[in-house]
Every structure is written in structure tokens, then in C-alpha cells.
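Top to bottom, those sequences are chains L and B. If you count the first sequence from 1, position 134 lands on 134 in the working numbering, and the numbers rise without skipping. If you count the second sequence from 1, position 245 lands on 245 in the working numbering, and the numbers rise without skipping.
Keep in mind that the hints were calculated from the coordinates and are not lab data. Hints are not guaranteed to be accurate.
To be verified - Pairs of lysine-lysine, DSSO-like flavour, derived with a Cα cap of 30 Å:
| no. | chain 1 | residue 1 | chain 2 | residue 2 |
| --- | --- | --- | --- | --- |
| 1 | L | K93 | B | K391 |
| 2 | B | K378 | L | K159 |
| 3 | B | K378 | B | K29 |
| 4 | B | K9 | B | K378 |
| 5 | B | K466 | L | K259 |
Stated by the list, open to error - What the simulated footprint calls covered on chain L by chain B, stretch by stretch (three residues with Cβ under 8 Å from a Cβ of chain B suffice, anywhere in the stretch; the number is not a length):
| no. | region |
| --- | --- |
| 6 | 156-168 |
| 7 | 218-228 |
| 8 | 251-260 |
Glycine included, each C-beta is placed from N, C-alpha and C at the ideal position.
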Amino acid sequence: MTPAPDAACNVALFVTCLVDLFRPSVGMAAVRLLEESGCTVHVPTAQTCCGQPAFNSGDRATARELGLQVLETFETFDHVVAPSGSCAGMLRKHLPELFEDDPALQVRARALAARCHELVSFLVDIRGIEGIDRGEENKLNLTLTYHDSCAGLREMGVKEQPRKLLLSCGADLVEMNEAETCCGFGGTFCVKYPDISLKMVDDKLRNVEATGAPLLVAGDMGCLMNMAGRLSRLGSDVEVRHVAELLAGELAEPPIGRKKG
Amino acid sequence: MQPSSLAFKDRARAAMADPQLQHSLDLLKHGWQAGRTRAAAALPEFEALRDEGRNIKDHVLGHLDLYLEAFEARVVEAGGHVHWARDAAEARRITLDICRDVGARSVTKSKSMIAEEIGLNEFLEVNGIDRVETDLGEYIIQLANEPPSHIIGPAIHKTIAEISELFQKNHGGERITEPAALVAEARRVMRQRYLDADVGITGANFLVAETGSIVTVTNEGNAELTHGLPRTHIAIASIEKIVPRLLDAFTLLRLLARSATGQDFSAYTTLLTGPKRPDDRDGPENFHVVLVDNGRSAMLGTALQEMLRCIRCGACMNHCPVYLATGGHAYGWVYPGPMGSVLTPGFIGIEKAHLLPNASTFCGKCEEVCPVRIPLPKLMRHWREVQFDQKLTPTTARWGLGLWAAMARRPALYRFATGTAIRLLGLWAGRRGAFARLPLAGGWTGGRDLPAPQGRTFMAQWTRRKNR
Numbered sequence: 001m002t003p004a005p006d007a008a009c010n011v012a013l014f015v016t017c018l019v020d021l022f023r024p025s026v027g028m029a030a031v032r033l034l035e036e037s038g039c040t041v042h043v044p045t046a047q048t049c050c051g052q053p054a055f056n057s058g059d060r061a062t063a064r065e066l067g068l069q070v071l072e073t074f075e076t077f078d079h080v081v082a083p084s085g086s087c088a089g090m091l092r093k094h095l096p097e098l099f100e101d102d103p104a105l106q107v108r109a110r111a112l113a114a115r116c117h118e119l120v121s122f123l124v125d126i127r128g129i130e131g132i133d134r135g136e137e138n139k140l141n142l143t144l145t146y147h148d149s150c151a152g153l154r155e156m157g158v159k160e161q162p163r164k165l166l167l168s169c170g171a172d173l174v175e176m177n178e179a180e181t182c183c184g185f186g187g188t189f190c191v192k193y194p195d196i197s198l199k200m201v202d203d204k205l206r207n208v209e210a211t212g213a214p215l216l217v218a219g220d221m222g223c224l225m226n227m228a229g230r231l232s233r234l235g236s237d238v239e240v241r242h243v244a245e246l247l248a249g250e251l252a253e254p255p256i257g258r259k260k261g
Numbered sequence: 001m002q003p004s005s006l007a008f009k010d011r012a013r014a015a016m017a018d019p020q021l022q023h024s025l026d027l028l029k030h031g032w033q034a035g036r037t038r039a040a041a042a043l044p045e046f047e048a049l050r051d052e053g054r055n056i057k058d059h060v061l062g063h064l065d066l067y068l069e070a071f072e073a074r075v076v077e078a079g080g081h082v083h084w085a086r087d088a089a090e091a092r093r094i095t096l097d098i099c100r101d102v103g104a105r106s107v108t109k110s111k112s113m114i115a116e117e118i119g120l121n122e123f124l125e126v127n128g129i130d131r132v133e134t135d136l137g138e139y140i141i142q143l144a145n146e147p148p149s150h151i152i153g154p155a156i157h158k159t160i161a162e163i164s165e166l167f168q169k170n171h172g173g174e175r176i177t178e179p180a181a182l183v184a185e186a187r188r189v190m191r192q193r194y195l196d197a198d199v200g201i202t203g204a205n206f207l208v209a210e211t212g213s214i215v216t217v218t219n220e221g222n223a224e225l226t227h228g229l230p231r232t233h234i235a236i237a238s239i240e241k242i243v244p245r246l247l248d249a250f251t252l253l254r255l256l257a258r259s260a261t262g263q264d265f266s267a268y269t270t271l272l273t274g275p276k277r278p279d280d281r282d283g284p285e286n287f288h289v290v291l292v293d294n295g296r297s298a299m300l301g302t303a304l305q306e307m308l309r310c311i312r313c314g315a316c317m318n319h320c321p322v323y324l325a326t327g328g329h330a331y332g333w334v335y336p337g338p339m340g341s342v343l344t345p346g347f348i349g350i351e352k353a354h355l356l357p358n359a360s361t362f363c364g365k366c367e368e369v370c371p372v373r374i375p376l377p378k379l380m381r382h383w384r385e386v387q388f389d390q391k392l393t394p395t396t397a398r399w400g401l402g403l404w405a406a407m408a409r410r411p412a413l414y415r416f417a418t419g420t421a422i423r424l425l426g427l428w429a430g431r432r433g434a435f436a437r438l439p440l441a442g443g444w445t446g447g448r449d450l451p452a453p454q455g456r457t458f459m460a461q462w463t464r465r466k467n468r
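Isolated chain L, as found in the complex (with noise of 0.2 Å):
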């Protein structure tokens, strides 16, 4: 990887509640990677959670106060990248909207907004990195299938970057049907219609599942926690991974849902 010419970029990891508590190891892939494209990495310690949750829930209010709590604590930062197309999406997209009563923050909200980035679609767009070399011994040799999660496809345009990536690490991409079809996550959708979600979710799985590549990966933790919860109770051999670990080459961790050891 070859940092971007303008070396000097301060960005403020947003970590995403879901790897913070059950994935970290995502989020030192995140800081590797940005680090590696030139980027100083800065972790507020006052973030918590984008407020996604009481957004789509109807709660605004609490939206709103989580809202601001996202906007003073990282407005200072050129950047601030989140290692998820959801929260991404939630800072980019919809957090100007929670503040349409106050013009003045409507104005500083929009500001961050713009700023705001999924990790990957970042590396890519914003520090112009075209591949990731760590050298003959380090490829990654392995087939995967990717899974476009759905917010980091519609609302952050994350598509190509992701596969651009890991091809250049060596990896084998088969693609799935319905690549871009939802695997019924959707936050609190799972837990309040539990049997269409795992409808979706099998579904998904049987597209996976039919493109024999024993490795399943996405960028975004619910989906994954998902698909990896439902394939682990199907006793499936796939694997599953976060495609920031696979490009940051850090594989020392079990796979989404695995025995540790």
C-alpha cells in the first residue's frame, strides 16, 4: 500500500458498537489499514453509538441526542471512517436530517456528514489505493464469495472497492447470486420478525452455499453476526470473516462464530 501524497489526514475511527464489543480485532484491522494508506488514526473515547437504533426505531429524540454527541465529538477530525456501511450510512445520509429544526446545527451536521466514510470505499476513493501488496508469502490464496450489505451498497455506494481490494491480495472471488439482495439482519427487524429473517437469511445462505467458495465476507458486522450466527446453527462449513481482517492480513483470530484455539 502507498500512502496517499497528502499524508497529513487526521481521521477519527468511528468503531461501530458491534465491533467494539464483539469483533475488535475488525477495528485494529481498520487502524492497520488507515494507518498503512498515510492516515493519523485517532479513537474518540466519547463515542458510543451513531444512534441507528432509536433512528429506524421512531425514537427521533434519542436519535437527535446521539446525533449531537456524534457531532462534537467528531467534527474537529478531516475524516471520520467507520469499519460499516450502516453507521456510515447513518452518519452520511441521515444525520443532517436529525437536526432539520436547528439551522445552525443542520449546517455543522452536514459538514460532518460529508466526511463521514465506510472504511474500504474510503481506502479506496478518498486515498486513491488501487491494491494491497504484503508480499508473495502473505497472499491471501483463498476463495471467497462477498456479500454487498445493503446500506453500504445503497446509501455509500460501496460495490467494486471491497472486490478491487482483495483480488489485489490474491484472493479468489465466486460470485454469488443475489449478491445484493438483503440477509434480513436489519437491525431490530431480526428479533421482531424472526421468521421472515431467517427466511431471508436461509435463502441468502443457499445463494452462498452454491458457489462452493468455504469462506463468506462482507463489511458489515450485523449482517455477519447474522449469517454467521444462522450458519453456525446449521453446522455449515463456511466461514465467515469481515473483509477489513482479510485486507489487513490479520487472520489470527477464528473466523465470525468459531471455536477460539
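Go by the hints and put chain B onto chain L.
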């Protein structure tokens, strides 16, 4: 139709356990969904056309009074009549009165979602008017006494075997199983009904203010026979169907069939202006348009105004993973899928429909394919906000959300509490990679394992790294 949207979950479960229905929904995915993808890709200006469609509708919604009155003036000039119906009851009454004025006993009707919305079918029946549906799908569900399960394919849930049985039961004769023979049979039965009908009732895909015309779109030519043969034609249309000019109708027509079925254009598109003139060889002697508001003008100027752009193509449901899992009947009222999840609460009340706007993962596919770019997820979220404000959200969900929010607002407390909880959960997991069961997580672990946390939170690890 009595709404049953509160039974959404049970009906969805039953639908998912019905292999016939699942097969039909699968066909929808590979038929209309794939068709729309092909049609959109084949037209270079498709995305620009969508912008144009949205702009036409937005403009018209800002000047609805102006264009509706212009339309009325043109219809009257052409010798027709325009009736204004505030609500469903008024629209039903106006339609029945017209039928009675001309002494109608037999009525043909081409498919119309507004007729479903105002409950016209049952009303005519109760009042002794013999009605036959002329759209094949609609005819099938009329025989089966069922509501439509899709706004453009009302009988997509029906199998050939079921249709075959219905036809034999109603038409007598031998059992027919070949689709082409079934169509021929329906055509034979319907021909006589067309000739006998005193009144033809249609919907309208568009109303054109410039000319006072209505536009109907079908693939079977049944609307033409419905408005052309009887002496009286009644077109029922909701007020947002109006467009300023013929050109605008054609812009929207270029989007409609492509978005709906992937056709460039529907097989039949008819422009109809006023009753039969002295030199015309055919057409109705009496021409009536019933303009139905039924809550629409109240949506103007609110968060829901954008929903009035809808041209009823069905693309949102054809692409919705939830609709494709449950089918249309699960939604429990006239309009299913994402557009129904936005419209239904407005018509039957959020307290009777709150499960619908929640039945979405917000995957955004509906908005991605909507020909007039209606932000359907945003509008479903609007209903969730109404539901939350009216305290219709289940208590446990409110408490859970409240507890989580109280923590998330206090970063230090959040850090401490989540750090501790995750360490404990990690210790409990031991070398296990996932939990098969966990207290308070039944909604999740009912069908999936919960991947175990790696051990310490990222924030804890990061702080340690910084302090090294």
C-alpha cells in the same frame, strides 16, 4: 374489505409454510424482477426518465387544484360528467347512483385498485348489481372470493390447478388444465358479459388535464371492451392520477410498464376523451369520472406527500425480500409490499397497521427501483415515529431502547458497563465460538447462534495500546 393487518406475523408464517405460494413468489422474482432489470438496462435514459417522472409528479402535487379543475372543464366540454368524492362512502354512493340512474343490472369492471380501496365490489353486490371482473387475474380472485395479493397481478398467488378447479366449479363442463385453454374459456364466458353489460367501470392510470382524457393500461384489452361496449362508462380515479399534459402521461407510461413487468409498453394503452360523438362508430353514450380524495388531500404538505407520486407499478413489492417471502395477503389490506406499508396506516389507522411499516429491513431496494423515486424507507420510518410518539411500540421494546439510550448518552458509563458485560460474556463463552442460547436473546437465538465476543472490547484494547 375488513383490514387484518394486525395478523401480519401469523399470516406471514402461514405463507412461508405454503410451498405453492412460495413457488409463485419465486416466479415473480425471476419474471417481473428480472424483466425490470433488463428493461432498465436497455434504456440509456432510464435514470433521467425517473427524475423526470418524479418532477412531473412533484409539480402536479403542488398544483393539484389547478389541474383537477382544468381536467373537469375539459371533460365537461367533451360532454362527460365529473363527480367529486370526499371519501370511500361518497365514491361508492356516486357510482351506485349512476348505475341506478341508467337502470343497470349487469356491470363489467376492469381491474382498479381504487375500487378495492373504496370497497366498491362488495357494495355493488349488496345493492343487487351483478358485476364481473374482466381482468383475468381479477376474474379468478372474484370466483375464489379473495382480495388481490399484488397490485398488478391480483392472482399471482393462485396455481394453475386451483384456477382449473375454480373454472370447472363455476363454468361447469370438463376440467381444463392447459393455461391457453383456460384463457380461451375465460374469454368465452366473458364475451357474453361484455355484450350484456349496462355499465362498464374502469380505473384510470392517468388523467390528463390538458385534454380531459383518461389513460388506461392493460395487457388483455379488457379495459377497452369495458369502456367501449356498454352505454355507460364510469372511470374511478384517485385525485393524484392527474398529470398536466399528454406528454407527461407518456413520460410516465415509459416508466410504468418497464418498472412493472419489464415490458417497453403494455399491450394496450388507451386514451379516452368524453362520450361517443355523433360521428364516432363506438364508445359509451354516457361518460362519468369519479374523482376520489379519500384522505389524499390531507397527505399534501405532510411527510407523506411524496407517497402521492406513486404510479402503482408494483416494482417495490416485486423487489422486496419481505413481500417475496410473505406474499400480499399477509399485509391484510388492499395495498401490500412497501407502498402498502406506507399507505395502509394512513387509510386504516396506525393502531391497526403498525406491524407493516416495521416489517422492513430498510434494505432500500424498493427506493432503488421506484420509478418516481419515492423514499419508501423514509416514509416507513415516519410511521414508526408516529407509532413511537403514540406509545404504540411494545413496552419491552421501549424499555430496552430507553435503557440502551440512557447508557449510550453517557460514554464513561457505557464504556464501563459494556466493557464489564463483554468480559463476562467472553469468559462465559470460554473457547466456544458462539452461544446457542442466551437469556433475553431468544429473538436472536431462536434460529441462529450468537457469535461470542472475542474477549475485551476494542476500546479497552485501544486504551491499553495507547498506554503502552
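Status of the hints after comparison with the structure:
Proximity of K93 (chain L) to K391 (chain B) is assessed by CA-CA distance (about 27 Å); at most 30 Å being required, the pair is judged to hold. At most 30 Å may separate the alpha-carbon atoms for a hinted pair to count; K378 (chain B) and K159 (chain L) meet this at roughly 23 Å. In summary, the hint linking K378 (chain B) to K29 (chain B) is supported, as the alpha carbons are separated by about 24 Å, within the 30 Å threshold. A distance of roughly 22 Å separates the Cα atoms of K9 (chain B) and K378 (chain B); the hinted pair therefore holds under the 30 Å criterion.
Our distance criterion of 30 Å between C-alpha atoms is met by K466 (chain B) and K259 (chain L), whose separation comes to about 29 Å. With 0 residues bearing a CB less than 8 Å from a CB of chain B, the region 156-168 of chain L misses the requirement of three and the coverage assertion fails. With a threshold of 8 Å between beta carbons, the proposed coverage of the region 218-228 of chain L by chain B holds, since 3 of its residues qualify and at least three are required. Counting residues of the region 251-260 of chain L whose CB lies closer than 8 Å to any CB of chain B gives 7, so the stated coverage by that chain holds, three being the minimum.
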